[in-house]
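*Asks:* Residue numbers (our numbering): 4 to 397.
Since the hints were made in silico from the structure, they are not lab data.
One or more of the hints may lead you astray.
Pairs of lysine-lysine, DSS-like flavour, derived with a Cα cap of 25 Å [said to hold, decoys possible]:
#	residue 1	residue 2
1	K119	K67
2	K67	K206
3	K67	K276
4	K386	K276
Just the calculated beta-carbon pair ranges, DEER-fashion [said to hold, decoys possible]:
#	residue 1	residue 2	range
5	D35	M385	17 to 27 Å
6	M385	V147	25 to 35 Å
7	L368	G164	27 to 37 Å
8	G164	L382	31 to 41 Å
9	W271	L368	48 to 58 Å
Keep in mind the model is a prediction, meaning the values are calculated, not measured.
Each residue gets a CB set at the ideal place from its N, CA and C atoms; glycine is no exception.
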Amino acid sequence: MPILFATVLIDLIGFGIIIPILPFLAPQLGGDAMDIALLLAIYSVFGGLCGPYWGKLSDQIGRKPVLLICLGGAGLSYIMLAYSTTLLTLFVSRIFAGIMAGNFGVASAMVADMSKPEERAKFMGIIGAAFGLGMVIGPFLGGVLAGPNGEFMVPALVAAGLSFAALIAGAIFLPESLTRAQREDQAEQRAASSKQSLLTMLKESGNTLLALQYFLNNSCHTAISYLFPLWVGHMLGWGAREVGMVFGAQGLAMAMLQAGLIGRLVTWLGELKLLLIGTSLMATGYVVAASADSAMVIVLAFFMIVSGGTVCTPVLNTLVAHRTPIHLRGRMLGTTSASAAWGRVFGPLAAGFALSTLGYHLSWLLGTAVALCMIAWVLGQMKANVSESQQNHP
């Protein structure tokens, strides 16, 4: 597990390096504000389209080969970005990066394979912490490497180097979590299930609404990342420095929460109760944001929303792993990863549309409405569990 954590962390630092340079790279190549938004969205679009197929492939040939392919593809995409001379080649590099973005879903499947059911939430949280640390270290490193003149070749090449370093480390040290014997044992079931569409698989496994929670959670999570900088810039006159400090502090808190507390909280409360706390924290945070009139209040709201979403992600992964047979696990976690990617597309777009038509106040409350939909699902699951328990123990 430490090897998997290190591999994912190195790759995500490379991913994070690219984030602060994209908004400045597009104008250098003749792009405008809409091009910047499309560059940020198109990665998640293709990640959402391709995620299920990477997961399905990992069920067939093993997790490790697919993870290594995705790491190599990420490195190549950063090299393409480094040498982009036109807006078209920049878009091609981000599309290719999205196509190869199967890492996190496959890594989650590896965690599910390698952990006992009672430890799964803990280790899902640790892998989530790698994401949090990558989102702290990567953007900071990207800003430093870009320098005052907004240089993009050096950060992109460093990101490529990190992906290739993760590829080499994974190839040498990372064990395969789904052995050939396990794949052969599951071959007949996998062959039958491979003929099913994604919707049929979700329906028959009972995971349709569970997969939807990934979409809703990431919509809420990314909408705040869009609205918060605009609000503090408009209302408080903040710039990139202040926003970056808040994002960095929250990323560090996110990593500490996932690495140190998620497993203990699941053991103490159970998955559904902890998920209820996370979704309630998001809903409350959006209400607080709607009434914010100072830096302290809006930062508090930001921390509440992002922390709530941070709690939800590893718990959702744990629920999916518990409810999915091993021969479908890679495909299912690839599908939920794709659902999360579509949420990352929808969240900022919906927030932008709401802001332009409804203003800040109602945009925040729209986030509350989405979080309430998640709360309703969690309460329904808790009620169903109580009913099932009563039937089993009359």
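*Asks:* Each hint should be assessed against the structure and marked as holding or not.
*Replies:* Hint check results:
For the suggested pair K119 and K67, the alpha carbons sit about 19 Å apart, so the restraint of at most 25 Å is met. Between K67 and K206, the direct Cα distance comes to roughly 28 Å. Violation of the 25 Å bound is thereby established for this hinted pair. Annotation: proposed proximity of K67 to K276 is violated, straight-line Cα distance about 33 Å (limit 25 Å). Between the alpha carbons of K386 and K276 the distance comes to roughly 12 Å, so the proposed pair stays at or under 25 Å and holds.
Our hint of 17 to 27 Å for D35 and M385 is violated, since their Cβ atoms are close to 48 Å apart. Checking the proposed 25 to 35 Å range against M385 and V147 shows it is violated: the Cβ atoms sit about 46 Å from each other. The hinted window of 27 to 37 Å between L368 and G164 is violated, with their beta carbons roughly 44 Å apart. Remark: the range hint 31 to 41 Å for G164 to L382 is contradicted by a beta-carbon distance near 47 Å.
One distance hint, 48 to 58 Å for the beta-carbon pair W271 and L368, is violated here, with the actual separation near 32 Å.
In this structure, the earlier hints numbered 2, 3, 5, 6, 7, 8 and 9 are contradicted, and the remaining ones agree with it.
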